[in-house]
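Below, each chain spelled out in residue letters.
Protein chains: 2
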Amino acid sequence: MSEQPKTGPLVRHLGGFRWEGIAVQAYKAEGEPFRDVTRQLLFPAGAGGAGELRYFEVGPGGWTTLERHAHVHQVVVLRGQGRALVGDRILDLARFDLLCVPARTWHQLRAAPDEVLGFLCLVDRERDRPERPGAADLEALRATPELGEFIRI
Amino acid sequence: MSEQPKTGPLVRHLGGFRWEGIAVQAYKAEGEPFRDVTRQLLFPAGAGGAGELRYFEVGPGGWTTLERHAHVHQVVVLRGQGRALVGDRILDLARFDLLCVPARTWHQLRAAPDEVLGFLCLVDRERDRPERPGAADLEALRATPELGEFIRI
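Top to bottom, those sequences are chains A and B. Start counting the first sequence at 1; every next residue gets the next number (my numbering). Start counting the second sequence at 154; every next residue gets the next number (my numbering).
These are calculated hints, taken from the structure and not from any lab test. Ideal Cβ positions, reconstructed from N, Cα and C, are used throughout, including at glycine. Certain hints may be false.
DEER-style ranges, computed between Cβ atoms [said to hold, decoys possible]:
#: 1; chain 1: B; residue 1: Ala289; chain 2: A; residue 2: Arg104; range: 44 to 54 Å
#: 2; chain 1: B; residue 1: Gly214; chain 2: A; residue 2: Glu149; range: 29 to 39 Å
#: 3; chain 1: A; residue 1: Glu149; chain 2: B; residue 2: Gly161; range: 13 to 23 Å
#: 4; chain 1: A; residue 1: Arg104; chain 2: B; residue 2: Thr297; range: 46 to 56 Å
#: 5; chain 1: A; residue 1: Gly21; chain 2: B; residue 2: Pro186; range: 32 to 42 Å
#: 6; chain 1: B; residue 1: Arg236; chain 2: A; residue 2: Gly21; range: 13 to 23 Å
Listed below are several chain B residues computed to face chain A (Cβ distance under 8 Å; list not exhaustive) [unchecked claim]:
#: 7; residue: Leu163
#: 8; residue: Val164
#: 9; residue: Cys253
Construct all of the structure, not just a fragment, from the sequences and the given hints.
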């Protein structure tokens, strides 16, 4: 099940938010709507833990996919600054802030224009696939100008 | 189910590894064998996530309880330096290192003599109670001098 080589109990941080033996992966497939996001699988689903712990990094000005799903995201910011849309709110994010994205809630994270945003994201081992907004969803989001300005698709 | 007040999706880091609305708790009951350890429940079991995410802080020279259990610990070091006993190994810990304590494996974390050790620890929502070493367990650990010197009980 493990997507990373088993190297013993300790995986060293190499500096710069890179870890020994852990690949820096694409966040999603090419063509999906996101900008400048990478993904590292720190504790994969097969490692015997409660869930899967990933580290995502969004480059300056980058953004994750606007989506929602039944599973919850639990986020710990480790690096930089940014903002998050969660439901109908836009929230500033700084280092070590904790963010919980509830079930079935539209969300998108954006790095500050001149700073990387790096964060841990904890999810259940078993989880549903994200849903992207349709035309009616986008219309509803854009009815609030602040949200309409924030979102990237 | 939640052990912390529900304040919305964002919990701000206040600086110094303290978070708004999250209590700094005792690590374990008085009288249990540990030294200078606190516990903060960042994402409690009732928050809808895969597990429970806690932040532990061990003061300079402090140590967690030597114990083992069926559930797995997944640790991300956030602050300072220390060492961990995991099974028959002693491992140096530095910031952002990842540590996985397998099931049924003796473990103990110690802060460096002059530094705080702060770490995230992810566990399953439902988990068994820790077991402390008996006389035969301690004898087995102490058969390796390096382990015997490390452990505190």
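Results of checking the hints against the structure:
no.	hint	result
1	B:Ala289 / A:Arg104: 44 to 54 Å	holds, 52 Å
2	B:Gly214 / A:Glu149: 29 to 39 Å	violated, 52 Å
3	A:Glu149 / B:Gly161: 13 to 23 Å	holds, 21 Å
4	A:Arg104 / B:Thr297: 46 to 56 Å	holds, 52 Å
5	A:Gly21 / B:Pro186: 32 to 42 Å	holds, 34 Å
6	B:Arg236 / A:Gly21: 13 to 23 Å	holds, 21 Å
7	Leu163	holds, 5 Å
8	Val164	holds, 4 Å
9	Cys253	holds, 5 Å
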